[in-house]
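*Asks:* Sequence:
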Amino acid sequence: MSRNAKINTLLLLLVAALAVLPLALGLGDDKEEPFTGADAQAESAITELKPDYEPWFSPLYEPPSGEVESALFALQAALGAGVLAYYFGVRKGRRQGAAQAAAASDTASVSSPVGAPVAAPAAAPEA
1 MSRNAKINTL
11 LLLLVAALAV
21 LPLALGLGDD
31 KEEPFTGADA
41 QAESAITELK
51 PDYEPWFSPL
61 YEPPSGEVES
71 ALFALQAALG
81 AGVLAYYFGV
91 RKGRRQGAAQ
101 AAAASDTASV
111 SSPVGAPVAA
121 PAAAPEA
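Heads up: the sequence shown is residues 1 to 127, going by this note's numbering.
Calculated directly from the structure, the hints in this document are not laboratory data.
Treat each hint with caution, since some may be false.
To be verified - Just the calculated beta-carbon pair ranges, DEER-fashion:
(1) S70 / I46: 46 to 54 Å
(2) G82 / A103: 30 to 38 Å
(3) A19 / A103: 24 to 32 Å
(4) D106 / F73: 22 to 30 Å
(5) L12 / E54: 45 to 53 Å
To be verified - Using 25 Å as the maximum straight-line C-alpha spacing, the simulated DMTMM-like pairs for lysine to aspartate or glutamate come out as follows:
(6) K50 / E67
(7) K92 / D106
(8) K50 / E62
Yeah, the Cβ is synthetic: ideal placement off N, Cα and C, and Gly gets one too.
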């Protein structure tokens, strides 16, 4: 096994441990719902401090269930990851294209002797 493969395997195991250990050990603040979101925690804190609080506005769309809300959140995260992956892919492709163009121009200038005229590209015939 190569050194990079060992490092990748170790990192994969570390990420898996970080995901599974809190769930397996029951590490959470609340015993009813140990991993509630910040919105739910803020709502409970506000109602605890000021029970007669009225929100300033209501949501535009209220999902019918928590599962639908989770699915929409996962879809939003997937779309964001896709946009980021596309951006980094385009950036890497442009960088590789520029490096290949520079290498091609370097080999063209190295192959012709210094001071020798370089042939111009042929012009396209006019129609």
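*Asks:* Hint by hint, say whether it matches the structure.
*Replies:* Structure-based check of all given hints:
1. Evaluation of the 46 to 54 Å hint for S70 and I46 yields a failure: the beta carbon distance comes to about 23 Å.
2. At roughly 31 Å, the beta carbons of G82 and A103 sit within the given window of 30 to 38 Å.
3. The hint said 24 to 32 Å for the Cβ distance between A19 and A103, and at roughly 42 Å that hint is violated.
4. Distance hint check: the CB atoms of D106 and F73 are about 49 Å apart, inconsistent with the given range 22 to 30 Å.
5. At roughly 48 Å, the beta-carbon separation of L12 and E54 lies within the given 45 to 53 Å, and the hint holds.
6. Using a Cα cut-off of 25 Å, the hinted pair K50 and E67 is violated, with the two alpha carbons roughly 29 Å apart.
7. A distance of roughly 21 Å separates the Cα atoms of K92 and D106; the hinted pair therefore holds under the 25 Å criterion.
8. Note on K50 and E62: the hinted pairing holds, with a Cα-Cα distance of about 24 Å set against a maximum of 25 Å.
Figure legend: structure checked against the earlier numbered hints; hints not met, in rising order: 1, 3, 4, 6.
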